[in-house]
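Following the hints, complete the assembly by docking chain B onto the known chain A.
Same order as they appear, the protein sequences are chains A and B.
Our numbering runs 616 ahead of the 1-based position in the first sequence.
Our numbering runs 616 ahead of the 1-based position in the second sequence.
Please note: incorrect hints may appear among the correct ones.
Copies of the same chain are indistinguishable here, so a pair counts whether it falls within one copy or spans any two.
[Said to hold, decoys possible] Lysine-lysine pairs mimicking DSSO-like chemistry, simulated, CA-CA at most 27 Å apart:
hint	residue 1	residue 2
1	1127	889
2	1126	652
3	1081	652
4	1134	1081
Since the hints were derived computationally from the structure, they do not count as laboratory data.
Computed from a predicted model, the values in this text were never measured in an experiment.
There are 2 protein chains.
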Amino acid sequence: MSSFKPDAVELRHHLSEVAKARATSPLKGLQKYLNKPGLLSLAGGLPAPDYFPFADVSANILVPNSFPSTTSGESNFSWIWKLFGAKEKTTAITIPKYARRPEDLNLATALQYGLSSGLPQLQKLVENFSKRVYDPAYNDCVTMLHAGNTDAWNKAVLTLCNPGEGVLVSKWTYPSAMASMTPYNIRPVPVDIDGQGMRSDALRTVLTEWDEDARGMPRPHVIYAVPIGENPTGTTTGLQRKKEIYQLCVEFDIILVEDDPYFVLQEGPYLPKEQRKPGSPQTDEEFIASLEPSYLKIDYQGRVIRLDTFSKTMAPGCRLGWYTCNAMFAERLERAAETSTQAPCGFSQSLVASTLIQWGEAGYMRWLKGLRVQYTLRRDFLVDCFANEFQLITTSGTDMWAGCQVFNGSVKPKSTTHFFNEKVPLSTPIFSFVPPTSGMFVWLKVHFTEHPAYSTLGVKELETKLFIEFAEAGLLIGPGAMFNPTNEWSNVTSGHYRVSFSNGENEELKKAVDIFGKVLRRFMEV
Amino acid sequence: MSSFKPDAVELRHHLSEVAKARATSPLKGLQKYLNKPGLLSLAGGLPAPDYFPFADVSANILVPNSFPSTTSGESNFSWIWKLFGAKEKTTAITIPKYARRPEDLNLATALQYGLSSGLPQLQKLVENFSKRVYDPAYNDCVTMLHAGNTDAWNKAVLTLCNPGEGVLVSKWTYPSAMASMTPYNIRPVPVDIDGQGMRSDALRTVLTEWDEDARGMPRPHVIYAVPIGENPTGTTTGLQRKKEIYQLCVEFDIILVEDDPYFVLQEGPYLPKEQRKPGSPQTDEEFIASLEPSYLKIDYQGRVIRLDTFSKTMAPGCRLGWYTCNAMFAERLERAAETSTQAPCGFSQSLVASTLIQWGEAGYMRWLKGLRVQYTLRRDFLVDCFANEFQLITTSGTDMWAGCQVFNGSVKPKSTTHFFNEKVPLSTPIFSFVPPTSGMFVWLKVHFTEHPAYSTLGVKELETKLFIEFAEAGLLIGPGAMFNPTNEWSNVTSGHYRVSFSNGENEELKKAVDIFGKVLRRFMEV
Chain A
617 MSSFKPDAVE LRHHLSEVAK ARATSPLKGL QKYLNKPGLL SLAGGLPAPD YFPFADVSAN
677 ILVPNSFPST TSGESNFSWI WKLFGAKEKT TAITIPKYAR RPEDLNLATA LQYGLSSGLP
737 QLQKLVENFS KRVYDPAYND CVTMLHAGNT DAWNKAVLTL CNPGEGVLVS KWTYPSAMAS
797 MTPYNIRPVP VDIDGQGMRS DALRTVLTEW DEDARGMPRP HVIYAVPIGE NPTGTTTGLQ
857 RKKEIYQLCV EFDIILVEDD PYFVLQEGPY LPKEQRKPGS PQTDEEFIAS LEPSYLKIDY
917 QGRVIRLDTF SKTMAPGCRL GWYTCNAMFA ERLERAAETS TQAPCGFSQS LVASTLIQWG
977 EAGYMRWLKG LRVQYTLRRD FLVDCFANEF QLITTSGTDM WAGCQVFNGS VKPKSTTHFF
1037 NEKVPLSTPI FSFVPPTSGM FVWLKVHFTE HPAYSTLGVK ELETKLFIEF AEAGLLIGPG
1097 AMFNPTNEWS NVTSGHYRVS FSNGENEELK KAVDIFGKVL RRFMEV
Chain B
617 MSSFKPDAVE LRHHLSEVAK ARATSPLKGL QKYLNKPGLL SLAGGLPAPD YFPFADVSAN
677 ILVPNSFPST TSGESNFSWI WKLFGAKEKT TAITIPKYAR RPEDLNLATA LQYGLSSGLP
737 QLQKLVENFS KRVYDPAYND CVTMLHAGNT DAWNKAVLTL CNPGEGVLVS KWTYPSAMAS
797 MTPYNIRPVP VDIDGQGMRS DALRTVLTEW DEDARGMPRP HVIYAVPIGE NPTGTTTGLQ
857 RKKEIYQLCV EFDIILVEDD PYFVLQEGPY LPKEQRKPGS PQTDEEFIAS LEPSYLKIDY
917 QGRVIRLDTF SKTMAPGCRL GWYTCNAMFA ERLERAAETS TQAPCGFSQS LVASTLIQWG
977 EAGYMRWLKG LRVQYTLRRD FLVDCFANEF QLITTSGTDM WAGCQVFNGS VKPKSTTHFF
1037 NEKVPLSTPI FSFVPPTSGM FVWLKVHFTE HPAYSTLGVK ELETKLFIEF AEAGLLIGPG
1097 AMFNPTNEWS NVTSGHYRVS FSNGENEELK KAVDIFGKVL RRFMEV
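So here's chain A without its partners, still in its complex pose (with noise of 0.2 Å):
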């Protein structure tokens, strides 16, 4: 780790008039008193504790090692749970109202009005995770807890955003992050894409080449990232091409903020079902260096707000996370903090707290492990279902797609009429994809162009039409449309489709490729 110690200072001009404007806390002045052992406080405006409902909240946890840790031939077997009723193998946690010691976690203080920056035991825990798994490249970094990504990411480019800015984000991108900023008059200002997420060749051009006048704002001083498992691409930016966005960083004066739910769901490449081998056990060290990092390990000069989520390592409903970014950042997203959502719900901090203290350090990274093959026997399942159903002919990618390898769909030959259909002739494809190596989504391509109708209705009403026809016969995938953060749709010749395949058991994914299936070929009248 290196001993540079960012200069918050000089990113100050980043901040927002609004971030700006935030007063310093109002207990600053107070702390001397605060911490003053045997102070009686009727300062602040506390309920009695004794008068919480809740005695005790106790849950029972999974044990971390609940799945294979491994992909070695081991399926998906949570549905005989369901089916036989059959108890999985769980632990009891509890945290009373009052501890015996002040130190373990209690109610009386969890479900207290509390420090915005979280209980003391869990920052503690995500600091601790941080530090071992991302490998920040300075020393002095926070980490902050908060109230789940979507929050934060809101707070954060309100922190750094004025209206009438613009947030450099990929081509394609998740709408609700979207939709955080625009109503602030933020707008979203995108960059060409390929096969690892957003392109540093394409972010240097339209740096390079940035025309005030013309784009009616300013250059834009902040890119919105999600680098692993991209929402809805599914791409995966890897070191080298974070060294090079982050070179570009420093050189135009760039904070960049890390949206990274999808961070430990890194299934690694697809494998068609014949060539996969069973894996071999990781250590934690091999399993974290088989991840690829966050941009904090290179962030030497603080320009990263990084965004950790429990969404999809624990619950969405946990509506917890946290911020590693420099120190000055920390201090006005606190800010922000105080005077809106305040702490995270505290029943959440002190059960996902002492579920980690459950588990402890080795159990979490064992838990990370199980998650990881398990979104990958679903991701494997859902691309094997699609080898089942049309016939897959892989090429090399362009544009979009450079450098990966492509999966065309294309009418499987299953009878004889098909040989003699000349509509289409058998190896055209209809759609493609990229089998993602990360997260939770396969984004695919439709081929419009192949539609009769293509000169006529164009992509972006065929696109919702056959989105309808998938609806109308039972299936409902994300229309490409919702995550163009523009209005833009002069270069989009194919359809597009977002395919989730965290939340669908086996039957339903081969359900949902039967219905693909069937409408697909109806609608492209092949």
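Leaving out everything else, chain B in the frame of chain A:
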């Protein structure tokens, strides 16, 4: 209840530019498909509930009659529990991951991404509560869950106000609410108060005499009100005053945000110990009728956004509450939540819902009656302590306390030395207060005009010096300066301190008043 249906469109011009710019829900077009039974959805980015580590969550909750429902001589015995380790009477609740009946609370739903408006089961419970207890003046008001009143106010003010606008507030008001809006250049406009909070005549004067140029902003169209046990002054706005203020809202086209965390803590008038009579139990209807009503009861035009919270009725760490307002405002507030906080924490929603279901509506009413009594006992005890420590003489209030019985504290003739101290005659009070009828706070005025250094140091300096002396002696109370929404001090001749009785045990309250007395007498040189 009136059958008047407010035309929400008439109020549309109150929406801020940000609120207007919020898109309609991205789910809107898909709604008809989402509700289709048997539809297979691979559209969302949902993790699989099988991988939520929480197999179930349980709590032992206090029974609804844990605390006496009347002040009939019973005192707060909660310290005995802790002293002897005795168990409170509790009942168990459990929320399983998967419920047998889909309408039952379950973690698979509660901990999944969900509607920003909250879990339907909890929504129904708060809707019933709002309708029954607040008895709104129009039929089709909407309830919607939120993540606590601080965040709800933040969302409300940004939904209603543009930068450069003002919000009408009481002369002394809640600092966090101000800190929520001032960084956006939405400025507080103080209105004079009396013993019932904001004065309607003063409000009319401010509105009638509004000079946009002199003030540098348009006439405000939003009031921030804490009508019950206002923070910090402890004042409560009666129905007649509410009608007068509401009439001004109609006349001057104003939206009123009612932040009402202390609604059930309506303790009633303070009576000296010897005058207290044992109360008799109230039916639920009598209990509801005994509470000052909400602004909703007179809101026939949909001008009120009411904010309710579970922070005082359950625990602040729930970070859970709800809006009651017209459908148009609710829709914009829901959009604001979707792109930031999303749904309130799922643990909180399901545990609070399960508690309310376990208790039943009558049980919850019984719980609230008990809370009211507990805080009444604490209020009484604190004032009793002042009566023991000082000679308290009551007078009719003027100015801020017009219409109130004011308690004036002077040095108690403990020893003969006091009789011959000529610096301050015995009858000269050194501080005053009005015992609050609601809430958690006693708002003290210290008569610095009697202080030898008044003319040289001034009020603000003396207030800070005395605050530090209290703290150095071991007592922390809120200095008045924190609650001054502007930096205007010209008409302030007393020092102010907010003393909270909500979270002190009897011994602590007694010790606090001992310190207060000792330090104040020394400081005032009496």
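Structure-based check of all given hints:
In this assembly of identical chains, the alpha carbons of residue 1127 and residue 889 lie at most 27 Å apart only when taken from the same copy (19 Å versus 74 Å across copies). For a Cα distance limit of 27 Å, the shortest separation of residue 1126 from residue 652 across copies, 20 Å, qualifies, whereas the shortest one inside one copy, 63 Å, does not. Proximity of residue 1081 and residue 652 under a CA criterion of 27 Å is satisfied inter-copy only: 18 Å between copies versus 67 Å inside one chain copy. Only within a single protomer do residue 1134 and residue 1081 lie at most 27 Å apart by alpha-carbon distance; the minimum there is 15 Å, versus 80 Å between protomers.
In terms of the numbered hints stated before, the structure departs from none.
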